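Participant: Generate the whole structure from the sequences, applying the supplied hints.
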Amino acid sequence: TVTSNALIHGLCEAGNMLEAVRLLKVMLERGLQLDKITYNTLISGCCKEGKLEEGFKLREEMVKRGIVPDTFTYNLLIHGLCNKGKMDEAVMLWNECRRNGLVPNIYTYGVMIDGFCKADKIEEGKNLFNELLSQKIELNSVVYNTLIRAYSRNGNMAEAFRLHDDMRSKGIPPTCATYSSLINGVCGLGQVDDAKCFLDEMRKDGLLPNVVCYTALIGGYCKLGQMDKVGDILREMSSNGIQPNKITYTVIIDGYCKSGDMKEAAKFLDEMVEKGISPD
RNA sequence: UUCACAAGAUA
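Numbering (this note's numbering), first residue to last: 11 to 290.
Just so you know, the hints here were simulated from the structure itself, not pulled from any lab data.
Treat the hints loosely; a few may be bogus.
[Said to hold, decoys possible] BS3-like mimics (lysine-lysine), calculated; alpha carbons at most 25 angstroms apart, straight line: (1) K58 to K46; (2) K96 to K61; (3) K273 to K239; (4) K96 to K58; (5) K146 to K136.
Because the structure is a prediction, the values reported are computed rather than measured.
Facilitator: Okay, structure coming up:
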């Protein structure tokens, strides 16, 4: 069963749900004992493809087989609902989860907080976060990053920085995701040169700026129409061994197009294709 | 062996 579960997971990750379900049938035919992990893995695959109905059907099926859904199961389904912006239904599932005597974990909170934030209900997200603070659940970087991203997108950098200080003071390490959100927020205010300083701060924290951080900065310069600065960042990236990816190129090409320089845009498109990245 | 967070364009 463990081996088959791992295989199913691999197929789901590859987006090959049909094969994964086929494998499930094979397991049944061979009389292999299915477990929570088998079902959770499949439910995760369905939810990632946005096939929520399938996910809920699988949950029914597991119950029929006498396998009791656990917190993972709920987290997956709640996540699926959140991704569709169905926060009211997500809240109902959250309540059902507790009614069934299951204890929400850090993932449950993380998914819900992120769902609220992405549905433009930051205050609700923040309230859940405060509830989380009062629990005996250990906090981690992800929940902080979620809120930091939300406040940064809103241009509320004061609150974003406050959370950043707060996580540090609790010994929770900022990550690349923390910094890319902060960079993106400061860039959104047009302070791209200031945002660039975060690269050094990251290194002081023992983090190596990754392609996401650099791309956020490039995007900032593009929005300001400072296309000359884009080359600087690209050089800094390559001297640090970081390769631009498809999103980086998309940002640059879009920037040149919007600044009316189609020749440069075409150059970067060519460069991207030469590197084996297919445009979309 | 299964769950959450960061950067882009899109009529």
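Participant: All hints are to be evaluated individually against the structure, with a verdict given for each.
Facilitator: The hints, checked one at a time:
1. K58 to K46: holds, 18 angstroms
2. K96 to K61: holds, 14 angstroms
3. K273 to K239: holds, 17 angstroms
4. K96 to K58: holds, 15 angstroms
5. K146 to K136: Distance of about 17 angstroms is within 25 angstroms: holds.
Checked against the numbered hints listed earlier, the structure breaks none of them; every hint is satisfied.
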